[in-house]
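*Asks:* Going line by line, the protein sequences match chains S and B.
Sequential numbering from 17 applies to the first sequence in this note's numbering.
Sequential numbering from 64 applies to the second sequence in this note's numbering.
Quick caveat, the hints were computed from the structure, so don't treat them as lab data.
You may find that some hints are simply not true.
Unchecked claim - Derived BS3-like pairs (lysine-lysine); straight-line CA-CA distance at most 25 Å: (1) B:Lys263 / S:Lys196; (2) S:Lys199 / B:Lys68; (3) B:Lys216 / S:Lys156; (4) S:Lys196 / B:Lys179; (5) B:Lys179 / S:Lys199; (6) B:Lys237 / S:Lys196; (7) S:Lys173 / B:Lys69; (8) B:Lys263 / S:Lys199; (9) B:Lys69 / S:Lys156; (10) B:Lys69 / S:Lys46; (11) S:Lys45 / B:Lys77.
Chain by chain, the residues run as shown.
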Amino acid sequence: MGDIDESDLIERLKAGDRAAFRELVENHKKTVYRLAFDLTGNHLDAEDVSQDVFIRVFRHIQTFREGARLGSWLYRITVNASRDHHRRKPREARAASSVSLSADRAPDLETAAWSDQPEKSGDAVLLQARIDRALAAVSKQEREAFVLRHYEELDLKSIAEAMDVSVGSVKSYLFRGIRKVRKELAGMRGLAPSEVRYE
Amino acid sequence: MSKPKKAEAIKIMKTRHIPDPGQAFWDGYWNRLESRMNAEGAFETMIPAPAVSPAPRRAVPLVPRWALASAAGVALLLVGIQIGRWTGPAGRVSGPSPQPNAALAGEVADYLTRSKVILLSLANFDPGTEDPRALSPAVQQQVSRELVDRGRKLDALLAGPGGKRYRNLIAELKTILVQIANLDPEENAQAVEIVRDGVKVRDILFKISISLMSLPDSGKSSRTGL
């Protein structure tokens, strides 16, 4: 999440400068939202979690150590906010979220229907659905480890810090997570995945 | 799981497409966040920085850790020895020697108490101010002779391993009681002083008190009424 030097921004924020806070939000809202989406799996929860993250940043900015990386801090806060959101949310609401996930996909389905290459577009939608189902099949921790390793491309140590677990635990989560993902993706060879990811 | 299969699964997973919520979403992001923070009072709840306090003064001066550990070990050892003395089996480490049986203990207690009475009458006598004849030697000499005889019998009865200390005390008492039995205060007033000194030098009264305390209660109470 951005390695740019933001020490000046942090200092202004620590002094209570609301404009500095807005600047920080504008700089990081897309990356925080993207990670929150990967962890929660739907748009509504992703926005809630990303807002939780920025509120926590504002409240706890005084505890941010000088010289520490803001990006690492944001990863950790986002993982924690996602866990808290998951705990707060009743099971029924989580089930409803999976429906809203389909709603999130609605534009894709619409695009597929009107695409010049309907077969390819249909395969892409099917592929995304299978990937979402695979991510939903793993545990919360396995999903966190997988997302941070393969989507955010963090090293094991950074993942361990973000998840507040040992590196060994991260390896274990990754191993078990990938095994489950593979099981869900069985029989998908032959699909031609595009390398599109939201930026 | 083979590496190619794992790599293939990861490659597929990396194609995950995150739908763009749209420009309107991003344009209104700050306003929605600000509204929520205002509603929750989040802008007023910035947690202050932790106060920087000076390093706490060391309660213990800089002493090598090995020295502290050694001292702690020695202290622990001493405590263990002390606890062992208090709670260990009687007589194994420093407990009292075996006691005579209850009947014999009563006999000994009675003998010691009577001897103590005789000795106290002498110890409290002041030859400088009192007439030696006030000692009533006839009664004391008679009692002393009886106690010497009883002492001989008790000496024989206390032949066991637990009776040694009582036999020694009886032997010391016998020496003094014989002197009292042969006392003639009308002819030799200094004889009273010699007996008194013997009682003090030998700490006989103290030894009698200690021996009475170490005897079983039943013996003392049943025989002496103390």
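*Asks:* Look at each hint and say if it fits the structure.
*Replies:* Consistency of the hints with the structure:
| no. | hint | in the structure |
| --- | --- | --- |
| 1 | B:Lys263 / S:Lys196 | violated (98 Å) |
| 2 | S:Lys199 / B:Lys68 | holds (11 Å) |
| 3 | B:Lys216 / S:Lys156 | violated (94 Å) |
| 4 | S:Lys196 / B:Lys179 | violated (97 Å) |
| 5 | B:Lys179 / S:Lys199 | violated (101 Å) |
| 6 | B:Lys237 / S:Lys196 | violated (101 Å) |
| 7 | S:Lys173 / B:Lys69 | holds (21 Å) |
| 8 | B:Lys263 / S:Lys199 | violated (103 Å) |
| 9 | B:Lys69 / S:Lys156 | holds (20 Å) |
| 10 | B:Lys69 / S:Lys46 | violated (29 Å) |
| 11 | S:Lys45 / B:Lys77 | holds (21 Å) |
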